[in-house]
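Student: Chains A and B supply the protein sequences, listed in that same order.
Our numbering puts the first residue of the first sequence at 1, with every later residue one more than the last.
Our numbering puts the first residue of the second sequence at 312, with every later residue one more than the last.
Because the hints were derived from the structure by calculation, they are not lab data.
Some hints here could point you the wrong way.
Said to hold, decoys possible - Subject to a maximum C-alpha distance of 30 Å in a straight line, what follows is the list of computed DSS-like cross-link-like pairs (lysine-lysine): (1) A/K90 to B/K322; (2) A/K103 to B/K577; (3) A/K69 to B/K600.
Listed below, chain by chain, are the residues.
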Amino acid sequence: MSAIVQVKSLSKSFGSLKAVQDLSFSVERSDIYGFLGQNGAGKSTTIRMLLTLIRPSGGEIELFGLNLKTHRREILQQVGAVIERPDLYKYLSGIENLSLFAKMNQVDFSRKRMMEQLELVGLADRAESRVKTYSQGMKQRLGIAVALVHDPQLIILDEPTNGLDPQGIADMRNLIMHLCHHMDKTVIVSSHLLSEIEQIATRMIIIDHGSKVVEGRVDELVDPAKTVVELETTDSEKTRNYLTSSPWQKVVTGFDEQKVLLQMHREQIPALNYDLVQQGIGVLSLQTKNSLENYFLHVTAGKQHVGTFAN
Amino acid sequence: MLALLQIELFKIFRRPRTYISFAAIAAMVLIVQVALKADGVSYLEFLMGGMKDSIEIPYKLVLNGYLVCFIILNLLLIHVPLLVALVAGDSIAGEANMGTLRLLLTRPVSRTRFMLIKFTACVIYTVMLLIWMALLSLVLSIWLFGTNDMIITRNDVVEQIQRSDILWRYIAAFAYAAVALTTVAALAFLLSIFAENSIGPIVSTISIVIVFTILSEMQIPIYDQTIKPFLFTSHMLAWKGFFYSKSNGEGEAIAGSIENLPAIMKSMSVLLTYIFLFVGSAVVIFNRKDILT
């Protein structure tokens, strides 16, 4: 695997505020690279530094093996981005917006090619409509089309699911996976929707207060054998007694008044449900909690939240 | 470079607000023309003041297209900078406000080139606005009022410019006005990089132009040498100099002459210096700016 993005000791200060501190990470070819962090953790600042919108205070950024500072133009020809909101010219139509950015990138902006791009994001039938008439999801998809218009190798998406409804989020997820798996693109995606990242990312980084907390393969960092399960029953006292005196006691991580928290393999859930019913305990709910979410909360300040169950 | 300029012009001329300035100029010029067509003689009598008692003035001949254009330019050229600020002030701040600035700056175009293209588009808009004004105020006035020698008054002296000696003066005056308005565009362009919506730079530019114009017009001797020569507004009306001819021994205007060309060129060089300073500063500052919008 070759690194497409190599960030070394990157830092950025705004006055006395250190937004990013000594941050290093690498993104490899064909990765879907999840960029995670709480609000204000420094995700957007880092992404903007990758796109030369913000000047770093220190450190180095290399993309495609070239220094960003000295090879900005060559590098940006290979990068497409949607940063936060997909703001485009609302008084122009979708195809006019797309043609405009294709022209800027000095690539073929023929109508045929523009329509192909719009087809890819499902907007061909609204090509002539003004962007001000688009829904948020359509704007987001047009933003992606603009990011792809010059056929870049690397696509950077900063919060691409912001403002989207569940169908829009699913469409975006499928589109990102299509880009990576069928078009051989490398994608960096930041999102606060951890379940989305968990479903699509191959590698990820978590940053907190501008510094790296952890980086690696998602399947290695988030152990599928450690799914967190939240259990609610008709008789919490009886449940507590049974679980602490049975082989299930090994997977119990905490209790509160009504609920029990367990960490176990997903495949064990039917057996747990069966055992409880056999004991005459009615199961009101058995909810798996997102494992990346738990991991994220664990390695960031949010680990306090998990601890509320762990007495 | 040309493709990028086409994109900028396409964006400017696809926005409805761009045409506000063209509509405003058309309205103002037409209002003046209609008024002069209806009762131009009274207006000329007012302009001539006490002179109308000492010389006989053939008002119908004097009130021709060339003079009407001169009157319109005198009335309007002071206000056109405000219209130029509408587009130049919106140039960068408007993109920041729409959120498109960050998208544009992630394209493989250097910020210096980006800024120079943006400014060039503002200059083209300014020149087009002036051409529009020239078409309406000169061509339409000639069509409505005909042509004849042009009479202008200066320091209670009446000067007559021959009909055949006028058109080139208008071309020169409009060219000078283009430089003057470009100075205002450059100021608005500079202020535009500091704001995230276009209201701020537009209002700031208009305010600066108004304050500087007041200072330029104030008759206070101490300001004449200390402040006025350095204000760009003091040099914006130098286009009038193209209509002041040298005179021969009999007091007649010499065709093709300009009374004080060096003064006009000096004023133009001051304006060009301001344009260079404003645009140069905008490029340098913008190159160092973090885009946080």
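Student: Next, verify each hint and record whether it holds.
Tutor: So, going through the hints one by one against the coordinates:
For the hint linking A/K90 to B/K322, the alpha-carbon distance of about 11 Å falls within 30 Å, and the restraint holds. At roughly 41 Å between alpha-carbon atoms, A/K103 and B/K577 are farther apart than 30 Å, so this suggested pair is violated. Restraint check for A/K69 and B/K600: the C-alpha separation of about 15 Å stays at or below 30 Å, so the hint holds.
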